[in-house]
Each structure stands twice: as structure tokens, then as C-alpha cells.
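Protein chains in written order, with my numbering: chain X, 1 to 131; chain D, 1 to 131; chain V, 1 to 131; chain Z, 1 to 131.
If you are wondering where the hints come from, they were derived from the structure by calculation, not from laboratory data.
One thing to keep in mind: the hints can contain errors.
Copies of one chain are not kept apart here, so a pair can be met inside one copy or by any two copies together.
Capping the alpha-carbon separation at 30 Å, the derived lysine-lysine pairs in BS3-like fashion look like this [claimed, not checked]:
1) K121 <-> K65
2) K93 <-> K65
3) K65 <-> K118
4) K46 <-> K2
5) K2 <-> K118
Predicted model, so just to flag it, every value in this text is computed and none were measured.
Number of protein chains: 4
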Amino acid sequence: MKTTTTTLRVRYGETDKMGIVYYGNYAPYLEQGRTEWLRDIGFSYKWMEDNGIHLPVVDLHIKYKAPAHYDDVLTVTTMLRKIPTYRIEFDYKIHNQHGQLLIIGETVLVFVNSETNKLMKAPDFLLNKIV
Amino acid sequence: MKTTTTTLRVRYGETDKMGIVYYGNYAPYLEQGRTEWLRDIGFSYKWMEDNGIHLPVVDLHIKYKAPAHYDDVLTVTTMLRKIPTYRIEFDYKIHNQHGQLLIIGETVLVFVNSETNKLMKAPDFLLNKIV
Amino acid sequence: MKTTTTTLRVRYGETDKMGIVYYGNYAPYLEQGRTEWLRDIGFSYKWMEDNGIHLPVVDLHIKYKAPAHYDDVLTVTTMLRKIPTYRIEFDYKIHNQHGQLLIIGETVLVFVNSETNKLMKAPDFLLNKIV
Amino acid sequence: MKTTTTTLRVRYGETDKMGIVYYGNYAPYLEQGRTEWLRDIGFSYKWMEDNGIHLPVVDLHIKYKAPAHYDDVLTVTTMLRKIPTYRIEFDYKIHNQHGQLLIIGETVLVFVNSETNKLMKAPDFLLNKIV
């Protein structure tokens, strides 16, 4: 299954008084990971939304192994877990600039027709890029 | 001019590694202040949006006098500056539980018709409540 | 096991362009839940930190059942799962003002001595309050 | 005076239900701008903090000219306004990928000795790089 990496630098406001990245601020990092995964296979998530497909998250799981600090350069590795159906499942790993594993993440998103607000199957134009 | 106060408790994730509330996190506090100001005169901002009026911020100014800390209980005082026209201007003060002044803020928002995306005058149903 | 509820109102900035609360913004809601759970048994998390105990999150799991919207009043129900050891585990449910279940959450936090940065057992002053 | 530019891509969670970047989320963009300005003259803000100098923001002013949207690539231009004394003042402009001006920003930060918590003059090692 296709894997993409993207990097980002930790912002000051993403840390908390413990001096490390706040646990909730990894969710945007995972979002950036899957956005770049999609872009890498030739799609923009923005384009999908503009064309009537929403992808809300229905399940998020993060295991925190080591903290990220301000100004760290993180690498988000995003892996598709299996061929999407009504759902699309990603696995993630985030490492810091020293190669240390910081978190392991999993998300499940569902395809929703934004006009009818109903679940829909993964669009063919996406499946054709993957398989 | 009408003044409203509302309170909130600082969340952990709103602090940064300096151990104080991150400077950008006061913007949601001001937003909560003006939302409650509107509710206090009999409106919900949500209702206005549902009825075709958007209120984007066009100017934000904050002077930081003293830091807020985790778990502090803050009081946001929101004052209308003058009768709204195409713009609505608020002044804010935020104090902590010891009565210490933390920030002074000012925002200017404009009334926008969300269908045409054009500027509009403050709606009469709002003006009638104020004057 | 002890259960606490706390309420909060969704802020504008917590929504995203889908018009619903961004999936990452539930993490602060859960944090508020467990903070109030602690306060309810007679502790402040702030006090614990000031006395050398940190509680970093090592595991977060959220199942999203229905979306929250701007200005919704959410009730966070926080339940201790079992007697803490080196870890403290909470289960959460968040409902909206109509009683609709929005998310189910789980977190695992560990007790860390903030001077030595080593894992430690749950302090007696906490255990004495629970059992 | 020295000017630096840095780019960033708007994240989904940085938008709000109006479909545009939430007004408070420009504060981290400005922070990224001045961090890269410092790095550009040979400093890391992280290094300064590690060496006992804090730089809290005491004044923030943003004029919003046009909205940023999800997935936009923004360019933050950061300009030092004058030689720092106890304060360091930056002017900012943010443009989108079409060259459109989105916001004009200004911040004032002060140098603080993080041990004594007292104001201090801009350190020589910084001034030497600027003048």
C-alpha cells in the first residue's frame, strides 16, 4: 500500500506548559499527513470537497511514545491500510529529526456525499489511482 | 454603551512552553466575549449566521499587560464602542481571578450578506436592541 | 468508579469549514473533563504539577458518532476506569444539548516525577480519595 | 531593515465554519514568520530560550484584508521595524499563492531574563547581527 512522508516544524503555540507538543495538536499533523498522501497520488482533498465529497474522521487512535519539542522538524509517514470502501483507513508514524519515533496513529474516515449527507463508496477516480 | 461579562477557565492546551497562555489564544476568548454580549441583548450569533449574516473580523488589536496561567478563571468584559453601521466595534478587558488586568483588546467586525458576499448595514433587529 | 460531568459551549474557532467541530478539538474537551473529575475529588491538576507530578497522555482513542456544531452546549462525562497504578485511565462520553451522543473517548495518562522525569506510582493522596 | 519570507500551507483545522482561516489562527503564522526571520540572521529562538531569554508578545495588531482558504499556500513577509532596545518590533504581510494581500500585522515583543523575570536589553549577539 502506498506510503507518503511529509515534514513540518513544531510551532511555539503547539507546545504546552509541560514544554512539549500538546497531545491534541497531533491531530492536525495527521491531517497534514493524509492530505499530502492524497496529493501524492494526484488528488487534492480541497478538490474533492469542491466536488461534493466530504471525509469526516470517525475514529482516531494515537499512542504517544516520546514527546516533540518546539522547533523540532517532524516527519509524518502516512500509509493506506487497505483498499477503501465506504471507509478509508490510514496508519501514521511521526519521527523527529533524530529519527526517534514519537507517535503511532490510526484514523478511519468515511466518504460522505455533501449534498445528501449520506455515506457513499470511495469514488472510482480515487480507487483507480490506488489499485 | 452596553457591557457584558463572561467567565472562562484556561485550558492546559491553551498554554505554551513559557507556562502562560499563548498570545494567539486570546482571540477565542474575545470571540466568546462578543458572542455572550450578543446573547445578552437577545441574539445568538449562530441565529444571525443561519439567517444570512456573517460578521468577519477586519481588525484585531491586543495589548498584553500580564500573563494568564493554566486553570486561571478569566473574566472577559465586552463593551460596544459605538452604534454599529457597516461595522461593529468592541472593546474588551480580561481580568484574572485576582482582579488583575491581563489584556486590553479591540476588534472591528463588518456585516456581510452571506449570499451576495457584500457589505451590509447592521440589521434593524440588532440596532433596535441597542439604541 | 467515580463519574463527573462538566459542560462547555462550542466556540466558533473550534469549528472547521465542514461547519462542525474539528476532530482534533475534542482533545481539549476531554482534558477539561478529566481536570474537573480531579477537582471533583478534591484535587487540582495545577496543584499536582506545582508539586512535582506530571500526567502526560500516552494513549488517546476517540470514536466520532455525530458532529458538534457552533454554540452547542456539550456535556462531558468522565469516568475513572480502574484504580490507578502507574497509569490512570479515563472513559468519556460527550453529549449535546439534545442528549445526542457525539463521541466516545478513552485516554491513558502516566504519573511522572517532573524532577527525575521517571514514571512513578499514583500518589497516595490521590488513591485515598478514590478508594 | 532585514526582511525574510517563509511559506506555509493552510491546514483544515485552521479554517472555521465560514470556510476561511479563523482570525486567531494568524497569530501562529506571524510567530512562524519572526522565528524564520531570527533563523535567517543566524539565531534560533529555541536557542535564545535555552539560554535564558524569553520574548513574550506585548502588542498584536492585525488588519484583515482578504480571507485565506484551506490548502492555500501563504507567504509570510517579516520585517524588522527598527533597531531593538528592550523591545523588538516586527511588521508582517501575508499574501496567498495568487499574490493577493491577506493581512497586515504588527507585533511588539520584549526581552525578558527568564531567571529574574525582568526586562532586559536586546542581547549584543543579536544586535551585532542586525546592525
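Under a CA distance limit of 30 Å, which applies to K121 and K65: within one copy, between copies, both, or neither? between (35 Å within a copy, 19 Å between copies)
Treating 30 Å as the Cα threshold, decide for K46 and K2: within, between, both or neither. Within one copy only: 20 Å inside, 35 Å across.
If the cut is 30 Å between Cα atoms, do K2 and K118 qualify within a copy, between copies, both or neither? Intra 27 Å, inter 38 Å, cutoff 30 Å: intra-copy only.
Under a CA distance limit of 30 Å, which applies to K65 and K118: within one copy, between copies, both, or neither? between (37 Å within a copy, 14 Å between copies)
Using 30 Å as the alpha carbon limit, work out where K93 and K65 are close: within a copy, between copies, both or neither. both (10 Å within a copy, 25 Å between copies)
Of the numbered hints given earlier, the model fails none.
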